[in-house]
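Novice: Assemble the whole structure, with the sequences as input and the hints as a guide.
Quick note: to get our numbering, add 81 to the position in the sequence shown (first position is 1).
Some clues are possibly wrong.
[Stated by the list, open to error] Okay, derived cross-link-like pairs now, SDA-like style, lysine to any residue, Cα gap no bigger than 20 Å in a straight line:
no., residue 1, residue 2
1, Lys-267, Ala-154
2, Lys-267, Ala-350
3, Lys-267, Arg-311
4, Lys-382, Arg-344
5, Lys-382, Pro-395
6, Lys-484, Glu-513
7, Lys-349, Thr-337
8, Lys-416, Ala-350
9, Lys-632, Arg-271
10, Lys-502, Leu-485
11, Lys-416, Arg-479
12, Lys-502, Gln-577
13, Lys-423, Arg-271
14, Lys-389, Ala-408
15, Lys-382, Leu-358
16, Lys-382, Lys-423
17, Lys-182, Glu-256
18, Lys-423, Lys-389
19, Lys-423, Ala-350
20, Lys-423, Arg-527
21, Lys-267, Ser-634
22, Lys-502, Glu-525
Don't read these hints as lab results, they were simulated from the structure.
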Amino acid sequence: MIRQSGRNPVGATTLAIALSVTLSLALSSCSNGGPGGSVGSGTGESGEPGREAAATSASPTPSQTYPLSSAPAVIPAVRTHEPARGPGWRPEPGAGVVVAKGSEELADEGRLLAGELKIAYRGTAAARPGDVELALSGSPATPSAAPSATPEAGGPESYTVVTADRRVRISGPAEAGVFYGTRTLKQAVRSGGAMPEGVVRDAPDRPQRGLMVDIARKYFTAGWIEDRLREMADLKLNQLGLHFSDDQGFRIASDTHPDIVSREHLTKAEVRRILELADSLHITVIPELDSPGHLGAVLAKNPQLQLKDAAGSPVRGAIDIGNPASARLVDELLKEYAGLFKGAYWHLGGDEYQALTRQNPEASFPALAALARQEYGPQGRIQDLATAWVNDRGAVLRPLGRKLMAWNDGFFRGGQVSVDKDIQVEYWTGKEIGARPPVEYLEEGRPVVNVNDEYLYYVLGEPNEFHYPTGQRIYEQWTPLVLRGTQPVPEKYSGQILGGRFAIWCDLSQAQTQEQIAQGIALPLAATAQKVWDPRTPTRSWQDFRTLAGKVSG
82 MIRQSGRNPV GATTLAIALS VTLSLALSSC SNGGPGGSVG SGTGESGEPG
132 REAAATSASP TPSQTYPLSS APAVIPAVRT HEPARGPGWR PEPGAGVVVA
182 KGSEELADEG RLLAGELKIA YRGTAAARPG DVELALSGSP ATPSAAPSAT
232 PEAGGPESYT VVTADRRVRI SGPAEAGVFY GTRTLKQAVR SGGAMPEGVV
282 RDAPDRPQRG LMVDIARKYF TAGWIEDRLR EMADLKLNQL GLHFSDDQGF
332 RIASDTHPDI VSREHLTKAE VRRILELADS LHITVIPELD SPGHLGAVLA
382 KNPQLQLKDA AGSPVRGAID IGNPASARLV DELLKEYAGL FKGAYWHLGG
432 DEYQALTRQN PEASFPALAA LARQEYGPQG RIQDLATAWV NDRGAVLRPL
482 GRKLMAWNDG FFRGGQVSVD KDIQVEYWTG KEIGARPPVE YLEEGRPVVN
532 VNDEYLYYVL GEPNEFHYPT GQRIYEQWTP LVLRGTQPVP EKYSGQILGG
582 RFAIWCDLSQ AQTQEQIAQG IALPLAATAQ KVWDPRTPTR SWQDFRTLAG
632 KVSG
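Specialist: Here's what the structure looks like:
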């Protein structure tokens with residue numbers, strides 16, 4: 082995943098919108114309006130296009146003129162739109178989607194868009210009036226379709242949409258950007274019936290934008306997950322996290338340890354289908370096999386590895402990190418699922434290890450305390466063993482090409498061991514033991530992703546004073562800089578904050594059905610998508626945004 086593909090992804094350079102010679106001649110014969118003309122050209126005080134032109138033209142049948150276009154109504158809103166005069170583009174009989182020569186890898190995007198707009202897909206045929214053309218940067222433009230309009234230099238998720246002469250050309254430096262351009266076109270047609278005339282230049286503010294689903298505590302069907310992927314893609318979100326192991330369940334089939342798998346689970350065939358769909362929608366799936374805590378479902382079948390305190394009582398969800406067999410078991414699972422999930426990222430977990438939630442961990446777990454001193458000297462503590470555990474699990478996955486992340490409350494301060502510097506901080510809370518203010522991580526130069534539980538946590542049943550988040554609060558108050566509570570960190574750290582993820586946690590799994598969850602997260606997820614794409618204060622009111630979300634969804 083690219084870092085900060087464009088803090089200022091779009092420029093103000095003026096691009097000319099080339100209309101057809103016929104239309105230009107017709108406009109010049111009846112008015113002084115048209116592309117490049119003054120804002121008021123061709124429009125009288127009444128605001129009715131063509132009235133002034135009709136009064137001054139020698140022609141008794143003036144050609145139609147158009148007001149300057151407005152930006153397409155889409156979520157997330159486009160970063161810039163250069164207006165122009167013209168009819169825009171709408172899917173009409175005979176229209177089709179074509180792919181520019183040299184851009185044949187966009188065929189999947191072209192077929193998908195054609196099916197969504199219910200028009201033909203014609204491959205690399207020459208673009209005709211009424212068509213949509215997809216192109217990678219450097220592919221030759223159709224001569225009459227604004228040949229001067231090329232995307233400005235940007236990351237692979239940037240794109241340009243040129244709408245002129247009853248055609249649309251979507252171009253970008255990579256497939257992902259062109260795909261996002263097709264989402265803009267699709268939503269514009271849904272919200273207003275047409276793609277407005279003019280030029281859109283767009284790119285995300287943050288490279289990581291996503292949704293995380295706790296599929297461990299609650300079983301979700303493959304079909305439900307696939308529906309969320311399609312919803313995410315239309316919102317230009319690019320990461321889906323799957324937390325698939327916890328105390329209440331282990332939800333993906335295992336070949337190495339089939340006994341730990343819950344009765345209701347995803348088969349590997351279903352997971353492969355999910356991954357294939359995600360890949361086609363330019364979404365990376367991030368698996369999370371949380372450890373050394375939250376392993377209750379695994380330990381239920383391996384009780385000999387469960388941590389016990391000084392009184393001999395087993396500790397819920399906590400594996401005994403002092404037992405070498407514990408590492409062997411977890412590493413076997415990591416290697417197995419790394420063969421299934423081959424994306425760029427892996428979530429190590431690392432949070433809420435119950436040995437470290439006791440008032441005096443060393444007194445409660447003397448065997449671990451002794452091992453820590455043996456390994457790390459007189460000042461060694463149990464937190465050093467837990468930190469080393471996270472690093473060791475990362476060492477298993479790093480050679481397989483995975484970029485690693487862990488929850489912020491697994492990054493303890495003041496120990497003999499520190500979490501490896503390349504492990505990304507998923508900052509969710511300041512409430513847990515071991516949680517540090519976000520600025521501490523940023524001062525260390527660590528990359529951070531925002532999963533602020535004040536705004537972005539949808540916790541089923543609302544336990545522990547959690548409340549279902551509202552889209553309005555996210556839309557009006559949250560930005561990626563607001564990592565903890567409601568206060569932003571200093572702007573100087575913005576480059577280290579790679580984005581944000583909305584999270585569904587199923588603590589009280591029966592509190593809502595799958596369908597209720599899908600309904601409940603729709604607006605908060607749309608608001609999150611808006612603010613990770615462009616964290617500036619939105620120009621559209623919340624009520625207008627909510628109305629628009631209803632138009633473009635589905």
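Novice: Evaluate each hint against the coordinates.
Specialist: Status of each hint after checking the structure:
no.: 1; hint: Lys-267 x Ala-154; in the structure: 11 Å, holds
no.: 2; hint: Lys-267 x Ala-350; in the structure: 31 Å, violated
no.: 3; hint: Lys-267 x Arg-311; in the structure: 13 Å, holds
no.: 4; hint: Lys-382 x Arg-344; in the structure: 14 Å, holds
no.: 5; hint: Lys-382 x Pro-395; in the structure: 14 Å, holds
no.: 6; hint: Lys-484 x Glu-513; in the structure: 25 Å, violated
no.: 7; hint: Lys-349 x Thr-337; in the structure: 13 Å, holds
no.: 8; hint: Lys-416 x Ala-350; in the structure: 18 Å, holds
no.: 9; hint: Lys-632 x Arg-271; in the structure: 6 Å, holds
no.: 10; hint: Lys-502 x Leu-485; in the structure: 10 Å, holds
no.: 11; hint: Lys-416 x Arg-479; in the structure: 11 Å, holds
no.: 12; hint: Lys-502 x Gln-577; in the structure: 13 Å, holds
no.: 13; hint: Lys-423 x Arg-271; in the structure: 35 Å, violated
no.: 14; hint: Lys-389 x Ala-408; in the structure: 17 Å, holds
no.: 15; hint: Lys-382 x Leu-358; in the structure: 33 Å, violated
no.: 16; hint: Lys-382 x Lys-423; in the structure: 27 Å, violated
no.: 17; hint: Lys-182 x Glu-256; in the structure: 14 Å, holds
no.: 18; hint: Lys-423 x Lys-389; in the structure: 35 Å, violated
no.: 19; hint: Lys-423 x Ala-350; in the structure: 15 Å, holds
no.: 20; hint: Lys-423 x Arg-527; in the structure: 24 Å, violated
no.: 21; hint: Lys-267 x Ser-634; in the structure: 10 Å, holds
no.: 22; hint: Lys-502 x Glu-525; in the structure: 9 Å, holds
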